[in-house]
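J.: Next come the chains, spelled out residue by residue.
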Amino acid sequence: MRAIALAATCLLLACGGAGNNAAVTLRFWAMGHEAEVVAPLVREFERAHPGIRVDLQQIPWTAAHEKLLTAYVGNATPDVAQLGNTWVPELAILHAIAPLDSLLRASPDVPPAGFFPGIWDTNVIEGRVFGIPWYVDTRLIFYRTDLLARTGSKQMPGTWAGWRQVMERLHSDGKPRGYPLLMPLNEWAQPVLLALQAGSPILKDGGRYGAFTDSAFAHAFHFYVGLYRDSLAPKVANTEVANLYQDFARGMIASYITGPYNLDEFRKRLPDSLQDRWATAPMPGPDGPGVSLAGGSSLVLFRRSAHPAEAWELIRFLSAPAQQARFFHLSGNLPARREAWQDSTLRADPKVGAFRQQLERVVPTPKVAEWELIATRITEAGERAVRGGQSEQQALATLEAQVNAILAKRRTLLEHRGGQLLEWEAP
Amino acid sequence: MNVERRQARAAWGFLLPAVVLLAAFFVLPVLAAFGLSLTDFDVYAVADPSVARFVGIDNYLHLFESPVFWAALRNTFYFVLVGGPLSVATSLAAALLVNGRLTRWKGFFRSAYFAPVVTTLVAVAIVWRYLYHPVFGPIDQFLDWIGIGRVDWLGSPDWAMPAIIILAVWKNFGYNMLIFIAGLQAIPDDLYDAAELDGASWWQRFRHITLPMLAPTFLFVAIVTMIGYFQLFAEPYVMTQGGPLRSTLSVVLFMYEEGFRWWRIGNAAAIAFILFAIMLVATLVQFRLRPKED
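Listed in order, the protein sequences are those of chains A and B. Just so it is clear: in the first sequence, position 299 is 1269 by my numbering, and no numbers are missing. Just so it is clear: in the second sequence, position 102 is 131 by my numbering, and no numbers are missing.
Hints in this document: simulated from the structure, not taken from any laboratory. For glycine and all other residues, C-beta sits at the position ideal for the given N, C-alpha and C. Hints may be right or wrong, so weigh each one.
Coverage of chain B stretches by chain A, computed from C-beta distances (three or more under 8 Å per stretch; other residues unrestricted) [said to hold, decoys possible]:
#1 56-68
#2 124-137
#3 248-258
#4 269-283
#5 288-301
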């Protein structure tokens, strides 16, 4: 009896041990919804690479930035992580994540040209690649086709002038209390993408100074503020919008500038009767189709990873066209890899098609560590001009002074390190 | 002399563990934070501490020049000076009601009024955001019905702070109410009986017996409430994020954003010390104003 138990224990230990001993364990941090749905892909990766185990950890988006920085300070960074691509510059400058150029050269199956150029560009800091795009995000217009048809237009115009004209017609024809466009005052994406469309670099001199009082930004800002001033958009923050989908269904708002995550939400939350009465359209620009934001998430490899080769295998696996298409079906996130767009579901859906068109015209936001703070200051300047009674010139002059002060440390460091921030001795 | 010294040494021996703990977990961090407030420690310094520079009192000077800081300070004082007395008055009124001789089901009301104190603010905020909604919210529907008209509670810079104050008073009055009830129960009934015999009205009894007898409780409640209200954070954080137009940005929320959102640690530490100084002065003033005991 005892002997049998002993033998059984040995057997169990041996069985358990054989798999574990040789295995390398990778820590992979994914955020929010992506972490919930990526597990099947990770398990498949483990089956294809018997020597590697992946410890998948879910990080909520709201705590992600803080957690990444504290993990870095506390020497507890994972091997691989999903990173919102506006955070890539900050973590690269911190020396938290590793450049991938040599790994890319050795992996022809991850060709930079296989990705949307604007999206790829968000990961390139001072000429080096720090992340591989995982999925993409950009902003375009979701609108009610039936309301638009009443203005006599079949589709969204491609220019600012045409766009405004359609909105003015919607407004004059408008139902009581309704608005042609919802553009929450506390979202930075809209003023920033309008400025990028007008050709503003947002920051100039290699991210040393703000370019807010220059004509391009001022032109876009004038257009932006005008939409509120002429009551084409309500003067509200998104915390004041109780139920966006209800408002859209009731025709209280005829259009909304938002991202691909809302494709699913609109399908789920709008009543069935409305499903063939809404569509998506690429962003209009000042004089023709406009650019939009190059958003999304990238996969990055941390410098302190003890297993960079295995970590790169995981990134490579998740970047393959087949996995990219599967990830789209699991998460609803649009693939970063162009080949994955051959997927039949993606090709058949005209609402996704508008994103496909827009993705060829996306531009990164300035790649500086201070970007989030600057973006917040931009929305505050908009709010001051819209609700605070400041003139546009005043609001922009204040904004420029604020941003130049925020960038003071960056200027000093650039001067000390000979015009770049990446090369320094980590302590 | 010798005995005294030995006793003093023994006393220090007993105090030592507490003193060591205080030094390690209070004095040292406070000194370190003060040191940080004299540097420009930021996200670059997180990576490479050598790029943090000693800047003297520059952080403080920049704060005093910054309109955002003054807005935060003004909002915080608004909240403390309006919300504080309102909260104490509500607590006292509730305590008098619950403690009244004719009140039935005292236990039930005590628990009911105390319930908001122990519920999670995040859950409460969802309900209140609905209550404040300008179209569907019951508060505005009521105001509309009685002819006052709708108020855009959370969307208007003038009304957002009153909305936050109402929420905070509702959320917190139960705690002070319990302390007032304890104070009220400590007042001997003979005093009221004697006053009643002398023909004192309800108001006279309240004014000349209840209030003076509650004075020490009042001081405690006032100081604790004031300190708590100076630290206004969670309500605007979940309800308005400091907006609209920064009308609900409090000093602590500003400090949180500077420190943990933008990692401008030097600045955040300077804000903490200014808040500390203000609270210290306000507490001292309240001690001075305390009615002298005979």
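J.: Run every hint past the structure and note whether it holds.
T.: Evaluation of the provided hints:
1. 56-68: Three-residue rule not met by the stretch 56-68 of chain B, so violated; n is 0.
2. 124-137: violated (count 0)
3. 248-258: It is violated: at least three residues are needed, and the stretch 248-258 of chain B offers just 0 whose Cβ sits closer than 8 Å to chain A.
4. 269-283: The restraint on the stretch 269-283 of chain B holds, since 6 of its residues have a Cβ under 8 Å from chain A and three suffice.
5. 288-301: As far as the stretch 288-301 of chain B goes, the hint holds, because 4 residues have Cβ atoms under 8 Å from chain A.
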